[in-house]
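Top to bottom, those sequences are chains A, B, C, D, E and F. As numbered in numbering that gives the first Met the number 0, residues 0 to 299 make up the first sequence, in order. As numbered in numbering that gives the first Met the number 0, residues 0 to 299 make up the second sequence, in order. As numbered in numbering that gives the first Met the number 0, residues 0 to 299 make up the third sequence, in order. As numbered in numbering that gives the first Met the number 0, residues 0 to 299 make up the fourth sequence, in order. As numbered in numbering that gives the first Met the number 0, residues 0 to 299 make up the fifth sequence, in order. As numbered in numbering that gives the first Met the number 0, residues 0 to 299 make up the sixth sequence, in order.
Don't take each hint at face value.
Treat identical chains as interchangeable: a pair holds within one or across any two.
In silico DMTMM-like links for lysine to aspartate or glutamate, alpha-carbon gap of 25 Å or less [stated by the list, open to error]:
(1) 69 to 128
(2) 69 to 278
(3) 267 to 48
(4) 231 to 221
(5) 288 to 172
(6) 198 to 244
(7) 135 to 165
(8) 288 to 15
(9) 298 to 221
Note that these hints are calculated values from the structure, not bench results.
There are 6 protein chains.
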Amino acid sequence: MSTERVAYVNGEILPESQASVSINDRGFLYGDAVFDTTRTFNGEIFRLEQHLDRFYESLRYMRIDSPVGKAEMKNITLNVLKKNLEILPDGDDYWVSQRVSRGVRGLPGIMKPTIVVECFPLPLEERAEYYRDGIKMIASSIRRTAPESLSPRAKMHNYINLIQAELEIQSQDSKALALLLDVNGNLCEGHGANIFLVKQGVIYTPREQFVLAGISRQVTIELATNLGYEIKETDLDIFDAYTSDEIFVTSTSFCICPVSSINGLQVKSQNIPGDVTLELQSAYSKLVKMDFVKQYLDKL
Amino acid sequence: MSTERVAYVNGEILPESQASVSINDRGFLYGDAVFDTTRTFNGEIFRLEQHLDRFYESLRYMRIDSPVGKAEMKNITLNVLKKNLEILPDGDDYWVSQRVSRGVRGLPGIMKPTIVVECFPLPLEERAEYYRDGIKMIASSIRRTAPESLSPRAKMHNYINLIQAELEIQSQDSKALALLLDVNGNLCEGHGANIFLVKQGVIYTPREQFVLAGISRQVTIELATNLGYEIKETDLDIFDAYTSDEIFVTSTSFCICPVSSINGLQVKSQNIPGDVTLELQSAYSKLVKMDFVKQYLDKL
Amino acid sequence: MSTERVAYVNGEILPESQASVSINDRGFLYGDAVFDTTRTFNGEIFRLEQHLDRFYESLRYMRIDSPVGKAEMKNITLNVLKKNLEILPDGDDYWVSQRVSRGVRGLPGIMKPTIVVECFPLPLEERAEYYRDGIKMIASSIRRTAPESLSPRAKMHNYINLIQAELEIQSQDSKALALLLDVNGNLCEGHGANIFLVKQGVIYTPREQFVLAGISRQVTIELATNLGYEIKETDLDIFDAYTSDEIFVTSTSFCICPVSSINGLQVKSQNIPGDVTLELQSAYSKLVKMDFVKQYLDKL
Amino acid sequence: MSTERVAYVNGEILPESQASVSINDRGFLYGDAVFDTTRTFNGEIFRLEQHLDRFYESLRYMRIDSPVGKAEMKNITLNVLKKNLEILPDGDDYWVSQRVSRGVRGLPGIMKPTIVVECFPLPLEERAEYYRDGIKMIASSIRRTAPESLSPRAKMHNYINLIQAELEIQSQDSKALALLLDVNGNLCEGHGANIFLVKQGVIYTPREQFVLAGISRQVTIELATNLGYEIKETDLDIFDAYTSDEIFVTSTSFCICPVSSINGLQVKSQNIPGDVTLELQSAYSKLVKMDFVKQYLDKL
Amino acid sequence: MSTERVAYVNGEILPESQASVSINDRGFLYGDAVFDTTRTFNGEIFRLEQHLDRFYESLRYMRIDSPVGKAEMKNITLNVLKKNLEILPDGDDYWVSQRVSRGVRGLPGIMKPTIVVECFPLPLEERAEYYRDGIKMIASSIRRTAPESLSPRAKMHNYINLIQAELEIQSQDSKALALLLDVNGNLCEGHGANIFLVKQGVIYTPREQFVLAGISRQVTIELATNLGYEIKETDLDIFDAYTSDEIFVTSTSFCICPVSSINGLQVKSQNIPGDVTLELQSAYSKLVKMDFVKQYLDKL
Amino acid sequence: MSTERVAYVNGEILPESQASVSINDRGFLYGDAVFDTTRTFNGEIFRLEQHLDRFYESLRYMRIDSPVGKAEMKNITLNVLKKNLEILPDGDDYWVSQRVSRGVRGLPGIMKPTIVVECFPLPLEERAEYYRDGIKMIASSIRRTAPESLSPRAKMHNYINLIQAELEIQSQDSKALALLLDVNGNLCEGHGANIFLVKQGVIYTPREQFVLAGISRQVTIELATNLGYEIKETDLDIFDAYTSDEIFVTSTSFCICPVSSINGLQVKSQNIPGDVTLELQSAYSKLVKMDFVKQYLDKL
C-alpha cells in the first residue's frame, strides 16, 4: 500500500507528488481561485454540505462557473478522503479542501476552470501547546482588506494581507498569532480564525461583514445559544479585548482554542481555558463525537 | 525544432506543457509569490536590470529570501528568452517574467522558494484596435486595496482586487478597461496599467504611493521631461479626467496607449491619439528601436 | 376643457406652461429647496399624510419656515390633484409633489419661501420593460454623499451626486439603473430608489442612516412582516448582492420592481420577478387597490 | 429709462421680474445646473474669459452640452451687462453670471438646456464692516462634500452642503462666516470664498483638489508671487490657522478681505488688515484699477 | 473645625491645599492616569461599586496595576467623603473621585502608582439656569478621538480633545455646551455628558463604542425601560438631532438636563424640559431620593 | 552643597522633592498643559530660542495665556539650569523643560496658569546599546491621533495615545521602540521621535502635518542639506521602510540614532549605523560641539 497521499486534479486522482497546476494557471499567477476546507474528526468529515454551500458562494462572487456541480464535488471529496484515510496515522486527522481556479491562460478555446480536491494532515503537534497554555494573540499594524476593495467573506487564494500580518507578528514571537483589525479599528480576524470574547457571561464576536464567518464560528454560536448564553455579533475593539474575562478563537482546525494574552496583556481569567471556553470546548467535542482538545494535547 | 515554448522551473528548463507547480505550492494556495515582467521589442529585452531591481524589492517586502541571486536570475532569464526566441513568429514579441513563491507546504526541512522564469506572447491582436480607436476606460465601484492593508507597490500574485474591477466593467463592455480609484477616490490604476492625463500641455499622473509605479511609467516621465513637458505626480480625480485634453495609459506591454473615453465621456482631443500622446509614442518607439504602435496596428 | 396640467405657485393655480420661479429663486440658484412626492393609484393619492410628515422634517432640517402649514398644504395638494385628474388619460397616474424653496434673493424685506405644488405623469411606458425583464443595476464609482456633509435623509433639490452616478452608468447602458455605495462601500440607494435583497427567505435592506428611507420602503417592510418574513435593516455590501436569491427596488413610482442583474451578474432566481418579490408585489397591489404591475406591463 | 435690471433667458432679454424658469426646469428640481460669476470694477468686467473657461469645464463635468458656445456666451454677457450698467448707481458694481441648466423635463423631443445670463448688485454695504474689523470665521461641524461624491471644483447649483454650514454658524453669530473642513479635517473653503494663511512671511492656501479654486485665488497667488512672496498650496489644518500671523479670504466679490479671528481666537497680527494682507489688497486694487477696499468702506 | 476639604494622597489624608503630586508624576507630565467620579445626593454617595468597577476597567486598559484594591479603595473613598461632609454647606453636594497615575519618574526602584481620592463641590449655581432654560448645545468642528487611536471608553486624564471642542464653542457663547461628533460624523458626546434624543415617544442614544458610557446613561436607560419606553442604542446624526422632539444630556452631576437648542435650532418641544425628559427626571429624583432638579433651581 | 536638583514652580525655586502641583491642577486632572524640552551638550543648552518659539505656539493652540513671557521664561530656564549644573555628574547632560498648565480649578478669581521649569538627567545608560546595535522598531496597531481630533503638532501633556503604543510593543520586547502609523497608514512617529529613511542616497521623512516636527528633525534636515543630500518630506509607508537602505530616528535626546530592524526585518545596510546615518551623526556632533554618540557609548 502506498504511503503517499493522493489528490484529485481535473478528473484524475494522482499521488500528491505528481499533483500540480500549470505555471500558466491563473490560480498560481494571480491567486485567481476559490477554495473551502473542512476537517475530519476520527476520519469523519464534518459539515461537508455547509462548506460546499459556502464554496459555491465564493465561486459566484468570483464569477467562476465550475464545470463540476455541488453533488459531484461532494462525491469527489468523499472519494479522495476515503483513499487518504487508508494512510492516516492513528490519532491524526485531515483538512479536506476543494479548490477551483479560473483556468490556464493561453490555451485555445474558452478558459476551463482547474479543479483540485486534496487532503492535508492537521498540524496537531505544532499547535498542541496552544491548548495547554493558550494562544498569545497580538494585533498587527496591518488592517484587514476593506470590503470595498475585496470581500473578506469569499474564501479565495489571495492571502497576502493575512500573511503580512503573520510575518510582522511572528518575527517578534514565532508562536504568537496575528490579530487583524478592520479599517475602522475593530477586532476582525486572524489568519483563518475568528475571535470571541467572553465578558460577564455574555459572548461577543465581530459582525460578519468584515470577517470570513467560519463554519466553526457558526457552530460555536449555536452551541453557546443552546447552552443558554447570550451571543452578540457586534463591533468590538481593543478596549473590549482588554477588559474581557476570556478570549478564544475558532476555526475549522482549531475548533475552539483559548487565548491567554492579547498584546501581551494576560486575559482576566486565571485558568486557561476559562470556564466558558471549557464548557464550549466540551460541547464541541460532544457534537463532533471526539475529544478534539485531547487529540491536540496528546501530541505534547 | 520544437514549436513549444520552454520555461525554467527550479533549475530545469522544461516544455511549457510540463512546467508546473505543486498543488501545495504557496504561490497557488495563497498567491504567496512575487513576480516581475518585462517585454521584448523585436526580441530584444527592455530594461531587464530595472525590472530585476524592482523584483528584489518585492521579494524583500514579502520577506522571501530567494536562493537565486540577481545576477543568476538575469542569466536564467536571458537563457530562457534565447530558447523561446527561436520559435517566436515574425512581428511578435514576448513578455518575460520571473516568479518566486515562498515554497511548498508540508515538505520536510525548511521551506524552499519555488523559482519560475517564463515567456508569454504579447496579446498584440487582441489589443490592436486600442491603438486605432483608443481605450474606453470605465471607473469601477471597487476601490484599489489601501496601502495600510497591502502595498500596491510590490508585484505579487494577489490580483483579485484588480480582477473583480475588470469583471465588473467587462461584463458591461468586454473591450473596456477598468480604472480603479484609491480609497480616497483618487485616480489610481488599471489592471497593470498606469494612467496619465494631459491638460493644457502639462502631463499629470497619480502619486506613486497608491499605484504600482511601472517601469514604462518611469520611461514615459523621462521621455516627457526630455521633450520639455512639465510632469506632475499628484492626487488626481474624476474631475481632472473629465476636463483633460488627452488621456493615455502606460504598461510594459502597452508602452503608451491612448484612451478615447472615460466613463463614456469622450476626451476633448478630436484625434486619437492626441498630439502629446503621439509625440510620446514616437519617442518611446525611438527609445526601444521599434515602432511599437505599428506592431500593434499591423495585427488589425 | 383645457388639456394642460395646472400647478400651484405661491397662492395661484396656473397652467403648467406659466408656472415658473424667478431666476433669483434660491431653489434655482442653489437647489436650496425641499420637496416630497407621492403618487396616485387609479387617481387615488397614497399615504399623503406620511409624505407630508416627512416633508416637514426635511423643511426643519433645512431651517425653512414654511408659511403654509401641513393642513393647508394637504388641501392645496388635493385641490391641484383634483384639477389635474380631469385630464389624466385612462390607465395613467400622477406623481404629486410639494416643493418649498427658501425664497427669492434681492427682494426687499425678509425672504419669503416659494411654494409649489404640481402633478407629473408617471413614466409608465419608459419603465414597463423593467417589470417584464427586471432592472439591470450597476454600481457607480461615485459614493453617496456622506451624512457628515449632507444628510441623505432630507429630500432636497440637490441631486447632482445621484445624477452623476446615473450619467456614469447610463452612458454605458441607457436602460441600466445606477446603484450608489456609501462612503464605507455599503449598498446604499439608486436615484430615488431603495434596494432590497432576498436570501434564503430572509429580506435585507440597508440601514436608514445612509439612505432616504422611502415611504414605499416602509410599506414593503410592513407588508413583508405581515406575510411572515424576517426583515433585517443592516449594512450590506456587494458580496451580499452577488449571493442573493432575489433583488428588488422600491420607490414611490416603482412600488416594487425586480432587479435581474447586478454589475452584469444575473441574480440567482431563474424567474423574474422571483417568488418573494412577486408575493410582495401582489400584497402591494392589494394594499393600493390596483394591480400596479399590470399598469406598467400594459404599456409594453 | 427703466430702473429695473434685465436678464437674458433662452434668447430673450427680459426685465428681471419676468425672468424665470419653469417649475419643471431641472435647475430648479435638482439643482442640475452650472454657473459662473465674475464681477465688475467701476463697471468694467474682470477676467471674463477665464471665468468662461471654467464655466465650460463645469459644463463638461456635468455632461451638459450648451447650445450656446463660448464666444456667443461672451457676447450675451457683455450685452446684458451693458444694459444693466445704465441703471447702476454710482459707486456700486455687479456680479455678472452665466447659468445653464440641463433643461425642462416632460417637454417633447430632446431636452434643451436653459440659458440664463444676469447681473446682481454686490452686497457692498452688508460686508463693509468686514473690511474695517475683519471677518470672524468659525469652523463648521459639517465637512465639505468629498470629491468621491461630488467634485467641489465644478461650480454647480448644489449648494446645500455650504448653506448648512452657514446656517449652523450664523445662528450663533449672524455676521460670522463659516469655514468648512474637508473630510480629512483640513481647512477647505467658505461659501464661495478661499482661505489664505500668512505665517512668518510665507503665504499658504489649501490644495486645489478639495476646493473650488477661485479666479481671485489665482489672481492673489500671481500678485503675491510678483511681490516676491513664497506661496505654498498644501494641506493645512486648524493648528496652522491658530498659529498664523494673518488670515484672509478671497472671492470674486471679496477680492481680498482680512479675517480677524478663527473660532473666536484673534489672529496674531495686531492691525486689521495685517501688513501682508494690506500689501496684497493694494496690488489687487492696482490690477483692477480701482480701490475696492475704499468702495466697501465708503458704504459704512 | 476646619473649613478646608481634605484629600487622600498615597496613604495620607491632607488638607486640600497641601494635597499635591510631584512635578515628575506621570499623571501631570503625560496625563498618564485614570479616574472615576461619582456624586452624592444629600451627602449619600450614588452607585459607588459600579463606578469602582469601571475605574478598575480603565486601570486595566491602561495596564496600571493599582497597589490599592477595590475594597480598600471603597473604604478610602467613604472615609474621605465622611470627613468632607462635615463642611458641606446645606443644599450642596460633592463629586467624589478616585485617581491613580502610573507613578513618579526618576525615583529608584519600580515605579509606584500615585493614589488620590478627593471631593469637589458640584457647580450647582453655575449650571442652575440650564435646568430652567435648557442647554444650548453646539456641534464642534473637532471630531472625538477615534477608538483606533485611544478608546473613549476608559476614563483617563487626557481630556484635551474635549477641551479643544469646549474652547471652540464657548468662545462663541460661554454658556453653550460642545457636542462632539465621532469620526464618522455621528453624534457622540459632550465633555463628560451623554446625549439622548426623544422622537415620537422612542428614546435614542449613541452606541457605546464611541462614547464613555456613563453610569447615569445606564441609569437613565434602566429608568426609561421601567417606565415602558423603547430605548435604541444606535448610530445617530445631526438629522436625528434636528428632527427630535426632545433632547437631553446625562452625566454624573447633571443626572438628566434638558437641551433647548442644537446648533441654534430650537428643539420641537415647546416646554423645557419636554414631557419625556420631565418624567425621566422625576424617576431619577425618586431613585436618588432627592429632587436634584430643585437642588439646581434653588441656586438661581 | 545640595545633591538634589531644583525646579521652578510658580515663582519659587524648590528642591525637586518639594516641587509639586495641586491635585486640582488641570495639568494633572486633564493633562491640560503644554511643555517643551531641549537638552544640554556638555552642560550647554541647545537651541533654546527655537524651543521657546514652539512652546508659545503650543500655548496659543491651547489658548493658554502664559503670565510669563518668552524673555522671562528664557531667564528662568537658564537660571534653573545653572543651579542644576552644579550637581551634574561628569559626562552626563540634562533635559530642560518648560511647562504651563491652565491652572488650578476651584480657586477664587480667574484661573492662573501654573508654571514649571525643571531639569531631568538624560537616560544615557538605558539607551547606550541603541547606538551600538541600532533600535528595533515595531509598528503598533494603534494609529496616531488624527489632526481633526487633536493636533500632533502642539506639545501637550496628553500622551496616552503614544503610551498605549509603547505598552503594546514593549510587552513583546522591552527594548523595542513603537512606531505609530497615522490614520491613513503612513509612517508617523514614535514616542517623541521622528523617523527618517535613506534610500539610494535620498533622505525621506514624513510630512509635518501628522507629526510633531522636532527641532532635531529640523537640525537634521539642515545638516543633510548642507552635506548635499536631497531631502523629501512626503507620505511614506511600510513598503518604503522595508525597502530602505538605512533608517534612523531623531529627537532632542537621541539627536540621531540608527534603527536596525523594522517589524523584525533587518534594514538593508550591513553596518549599524549606515554610512549616511554616520555622516549625519558626525555633522550633528560637530554642530553641538560634542561627540554625542561617544557620550552614549561610554555608558555601556
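Right, here's what the structure says about each hint:
no., hint, in the structure
1, 69 to 128, "neither (37 Å within a copy, 34 Å between copies)"
2, 69 to 278, "neither (35 Å within a copy, 29 Å between copies)"
3, 267 to 48, "between (38 Å within a copy, 19 Å between copies)"
4, 231 to 221, "both (12 Å within a copy, 20 Å between copies)"
5, 288 to 172, "neither (34 Å within a copy, 42 Å between copies)"
6, 198 to 244, "within (5 Å within a copy, 36 Å between copies)"
7, 135 to 165, "both (13 Å within a copy, 18 Å between copies)"
8, 288 to 15, "neither (30 Å within a copy, 48 Å between copies)"
9, 298 to 221, "neither (29 Å within a copy, 51 Å between copies)"
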